[in-house]
Amino acid sequence: MTQLALQMTQSSWTALAPTLLLGLSALALLLVDSISPEESDSTLLAGVAGLGSLAAAVTTMVFLFGGRGLPTEQGGQGIVSLFGDQIVVDQMSLFFTFIVASVVTLVVVASSDYLRDHRYKAEYYTLVLLASTGMSLLASANSLAIAFISLELASLPSFALVAFLKSNKGSVEAGLKYFLIGALSSAVFAYGISLVYAATGALQFDAVATAIGEGVQTGVLGIGILMIVGGVAYKTASSPFHFWAPEAYEGAPAPISAFLSSASKAAGFVLAFRVFLTAFPVDVAGAAIDWVLVFQVLAIVTMFVGNFAAATQEKVKRMLAYSSIGHAGYVLIGLAALTGGVDQSQVLGAGMAHLLVYGFMNTGAFLFVALAEYWGVGRTFEDYNGLATQAPLACAAMTVFLFSLAGLPIGGGFFSKFTLLMATVNSGTWLLGAALIINSALSLFYYTRVVKAMWIEDPADGLELDDYPVGLYTAVVAAGVVTFLLLPGFDVVIGFAESAASLV
Amino acid sequence: MAGAFTYAPAIAALPFVSFLVALFLGDRMPKGGALAGIAATAGSLLLSAWVALTVAGGATYNQTLYTFIEGIDTFELTLGILIDPLTALMLLIVSLIAFLVHVFSLGYMNDEGETGLPRYYAGLGLFTFSMLSFVYASNILMAFMFFELVGLCSFLLIGFWFREAAPPSAAKKAFLVTRFGDYFFLVGVVGIFATFGTGAFAGAESFPAIAEQALNGEAEVTTFFGMDPQTWFTVLGLLVLGGVMGKSAQFPLHTWLPDAMEGPTPVSALIHAATMVAAGVYLVARMYGFYALSPTALAIIALVGGFTALFAATMGVVKQELKQVLAYSTISQYGYMMLALGAGGYVAAVFHLTTHAMFKALLFLGAGSVIIAMHHNENMWDMGGLKDRMPVTYWTFLSGSLALAGIVPFAGFWSKDEVLFEALIHGLGSDGGLGTVLLAAYAMGLLSVFFTGFYTFRMVFLTFHGKPRTETARKPHGVGWNVKFPLAVLGVLAATIGFLNMVPLEKLTGIHLSFLHDWLAHGGIEMTTSETYGTLLHDVAGVTAHYPLGELGTTLASAAVSLGLALAGVGTAWSLYNVDEPTEHTDKLGSLKTVLMHNYYQDEYQVWLATGVTYPLARAADKFDQGVVDGVVNGVSSVSLFGGGRMRRLQSGVVSNYATLITTALVVLLVAFGLIGGWF
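Chains as they are written, first to last, in the working numbering: chain C, 1 to 504; chain D, 1001 to 1680.
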């Protein structure tokens, strides 16, 4: 009996391996740095960080294909729940951990070049890995307390990372703004949690749901839930909590923008998915607040705000920042289309699948911007004129990212947007579907501007790139290849996403 | 069993290989790819002969070879081969003419030192491939595809001398005019698939079979616009007929063919006389089971055919250039075939198609020989007296001319007579409008026999008889074996191929002589035999025969009338032009000649249609596009950009503004949902 329990504990512990790998690599980096503080050997630090995150990504993949986090009835190895159900490892947490870990891997590989002339490399990587530990923990959080802690673990290093370019005024300013808005949002989130606790007397998600089912004060609970929506909206950069995003993404080093706009957003969404489906299921919490309607409003507003603002930008990075807000709006469909009678796995799965594809294509796009910053060609659309004459491979990858973001069938973005559209059709939320179509069409306009600049416009005089950084190139091309492969391989992604979504 | 049908795909594939060889290796080959083409078409000819022998043994073949679109709960799109007696005959004709034209091209192109020979032979190879594939296409979509391909080859070869001004323009015209007809054809193909769910020509599941069952109430089809099946089938048939009229140069889409004479003469012989132009007529024959169901379509076909026959023949009378005469004669002769098809004379049409292919290819090649001799001067008024200087060309040309004029016993007599005979008896026998229309078409066909005889021999006398009128005609350029050999083969065939089907003689003597009737009547795939067509025509379309003078009497009377008219035409030409120094008697026609020389102003009115009607329409559409469509699009985009600008302004850069906005938004949400949720 004891032996059996021990065995179970061991196997349960290993389920957290990806998260632990991320955290331990962060600690290992600190160790390396303290052994040789003057060591500015970028390769070693990047290697440790990259290996750690890659190991985490691979482990999650092995777990996913091995059936971890899938109930035994469905042929899996069972859902693992730890610390008195405070933490749960199921397919959804693995799915999101995979997104986070693969984005981090790309970002780390790219950063090795980006940081070449900067100091405090070890701190940079450590912060990235700590933030990603928080994000992956967030994917497993099964109680509001853990959720809050992991949210902070993910956020606090992010503030520092945005302000990483200490001598750059923009970076510092962005970091400060991000921190202030983050503080405000965290306060809203924490207040929401306390109100929910006040109404239900529970923090663990299932317990919250049970308590609501037994009857609570709807007013208090409703305000609490709405404030938690605020916290989620902040983390996912959805309206009206998106104001930090354009400035933070623009001011931050481009790899960090990639990290925040892809991994951090995904982490915010997994929190939203889990909280709202486990703790506040529509059928019980609907009496207090119709949160599906809330998300419908947020989704539509977010889509329009993000895309319309992106359409008028002059700087590529800022355009991508707004487009990233727009994409948060698309993913919100995964919650907003959960009207009565609709197949939850399909709707939620569509949102999850889009996040995964988005993780690669958006990261890739930001890393291309990082590449451009590395070359120092400038930030506006015009500065990208004729880049393809000098760097056709990277520009081809960028074209794949942008068209895939717009939803053209050149990358996985086509199918993920399509499944989102089907979700709106099946749930009868035609307004969401229309918003999705209108905004995708609009987004094609501003994405094409970049493509046109790169391939069609003549290069400015004296555009000469003498250096092709291996790390950045590897990351950009790898992201491009994966984005493209997700077109034929989308079946696998949507398969995992739907099966994961059906478990929550 | 590795029979002939196993190798049937090779009939078309061989010329395709020669196309590739000429295209990619032509530069490095001794005759610019000619030898590959000759070998390939000879192979096709042999295989076609083998196939024909197999078909003679009673075998047929109808096989899908490749499905390129799998239909899920709907029809499939396939490529396949259909070989029945009609196909076998046509394969033989096409591969024979293609072979002879390839040989002739050695003399016409190689020996004349033309450049761009690989391109020329590649074009011929691709054409032969496409035409043969069209001939044995098993469904109408495949037929359409190759129909378009032969059109493309025609375009490429007409414009072969693209550095001169006229050929590219003629090529463009041919392409556009035939394309105009092909639009209708394409719509018809789509309509047929939508209606029947299949495009197969033959077999129990073919669309003619389903159409017949639908008329008998045994099958359900989807008709459109609330039409009853018969009307709808007529509409479909007429749509396909659009393509036929373009390709077979029927009024009013005939205008491209005379211009197409800008191409090299062997090309004119192959494409614009014997084979591609026949594709239209062949298509009608191929799906005759479908047309036989619609008396309206038949009447229109007959009327168009009869009118075209007469119309083109009158224009042929005044032409001064050798190839122009032949071009109008071609249009006119295809009119006869259409007349035959419309009048229920399926066998007559196929018969005339066969004989015409021989004698018209011969005449074109003969004309080519003359043109070589005349150093590429085509004006007949510059010729004269060539008969003594080029006897082989003269005698073979004469054989072809006698056949064209319809003089007994040359090939054209037997076939043209049968066409007119069928039109007559069915015109007399059929009730109502169809009978009247057929008689009118018959009258026009009969009248054009006279003109045919006249213009043919006007051409012969002007070219070969009398005294040479120019220095070139006095000392013509000699021609080689490669010119004489095809002429000799075709000369013999033009004289003799009519013996295939000597119906009047059979009726007179009682000896069995109508071999082509047997060939097409039996042994075909069910539903594609002339016997079935006869029954269908009678039962569904109401085409009935009537013999006012008894069967034998009518036959002989009809033959006598048409022969008499032909002889009258020849005689008139004889008296006017078989003199030493002929003059332009057509000048006596006065203003009528001007009209005829301008081809009844057909080109002018078509140009007017393009510039006076289509162009303003296009401009209006352009205005609409620029103004309304673009206006809306631009409006949307400026609204978006304006909205975007507003969105941008929200992002003021001042963090306390953000905090205010966030808090306000949260409060608004709280109040709104609080009111909805009834918290207060």
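Honestly, the hints are just simulated from the structure, not real lab data.
Some hints here could point you the wrong way.
[To be verified] Only part of the chain C face toward chain D is listed, based on derived beta-carbon distances under 10 Å: (1) N168; (2) K169; (3) V172; (4) E173; (5) S185; (6) G213; (7) Q217; (8) Y234; (9) S239; (10) F243; (11) V297; (12) N307; (13) P459; (14) L463; (15) L465; (16) D466.
[Unchecked claim] These stretches of chain C come out as covered by chain D in the derived footprint (C-beta under 8 Å, 3 or more residues): (17) 176-184; (18) 221-227.
[Said to hold, decoys possible] Okay, the calculated beta carbon distance ranges per label pair: (19) F1162(D) with V470(C): 50 to 60 Å; (20) V1633(D) with G215(C): 54 to 64 Å; (21) D283(C) with A1672(D): 20 to 30 Å.
Please read all numbers here as calculations on a predicted model, not as lab measurements.
Backbone N, C-alpha and C define an ideal beta-carbon position, used for all residues, glycine too.
Going down the list of hints, with the structure as the test:
1. Evaluation of the N168(C) hint against chain D yields a violated restraint, the C-beta minimum of about 16 Å exceeding 10 Å.
2. Here the hint on K169(C) is broken, as its CB sits about 13 Å from the closest CB of chain D, past 10 Å.
3. With 10 Å as the threshold, the beta carbon of V172(C) stays out of range of chain D, its nearest partner Cβ sitting at about 13 Å, so the hint is violated.
4. The interface hint given for E173(C) is met, as the beta carbon of that residue sits about 9 Å from the closest beta carbon of chain D, less than 10 Å.
5. Hint status for S185(C): holds, given a least beta-carbon distance of 8 Å to chain D, under 10 Å.
6. For G213(C), the shortest C-beta to C-beta distance to chain D is roughly 17 Å, which exceeds 10 Å, and the interface hint is violated.
7. Checking Q217(C) against chain D by beta carbon gives a least distance of about 9 Å; that is within 10 Å, so the hint holds.
8. At its closest, the beta carbon of Y234(C) sits 8 Å from a beta carbon of chain D; the interface hint therefore holds under the 10 Å criterion.
9. At about 8 Å, the closest approach between the beta carbon of S239(C) and any beta carbon in chain D falls short of 10 Å, and the interface hint on this residue holds.
10. With its C-beta approaching chain D no nearer than about 4 Å, F243(C) sits inside the 10 Å limit, and its interface hint holds.
11. Proximity of V297(C) to chain D holds as hinted, the smallest CB-CB distance being about 8 Å (cut-off 10 Å).
12. Hint status for N307(C) relative to chain D: holds, with the closest Cβ pair at about 8 Å, below 10 Å.
13. Look at P459(C): its Cβ only gets to about 27 Å from chain D, farther than 10 Å, so that hint breaks.
14. Of the supplied interface hints, the one on L463(C) is violated, with its beta-carbon coming no nearer than about 28 Å to a beta-carbon of chain D, more than 10 Å.
15. With a least beta-carbon distance of about 31 Å to chain D, the hint placing L465(C) at the interface is violated under the 10 Å criterion.
16. With 10 Å as the threshold, the beta carbon of D466(C) stays out of range of chain D, its nearest partner Cβ sitting at about 36 Å, so the hint is violated.
17. Counting residues of the region 176-184 of chain C whose CB lies closer than 8 Å to any CB of chain D gives 5, so the stated coverage by that chain holds, three being the minimum.
18. By the rule of at least three residues with a Cβ nearer than 8 Å to a Cβ of chain D, the coverage given for the region 221-227 of chain C holds, with 4 such residues.
19. Separation of F1162(D) from V470(C) is about 52 Å and conforms to the stated range, judged on CB atoms against 50 to 60 Å.
20. Checked against the hint of 54 to 64 Å, the C-beta distance between V1633(D) and G215(C) comes to roughly 55 Å, which is consistent with it.
21. For the pair D283(C) and A1672(D), the beta carbons lie near 22 Å from each other, so the given range of 20 to 30 Å is met.
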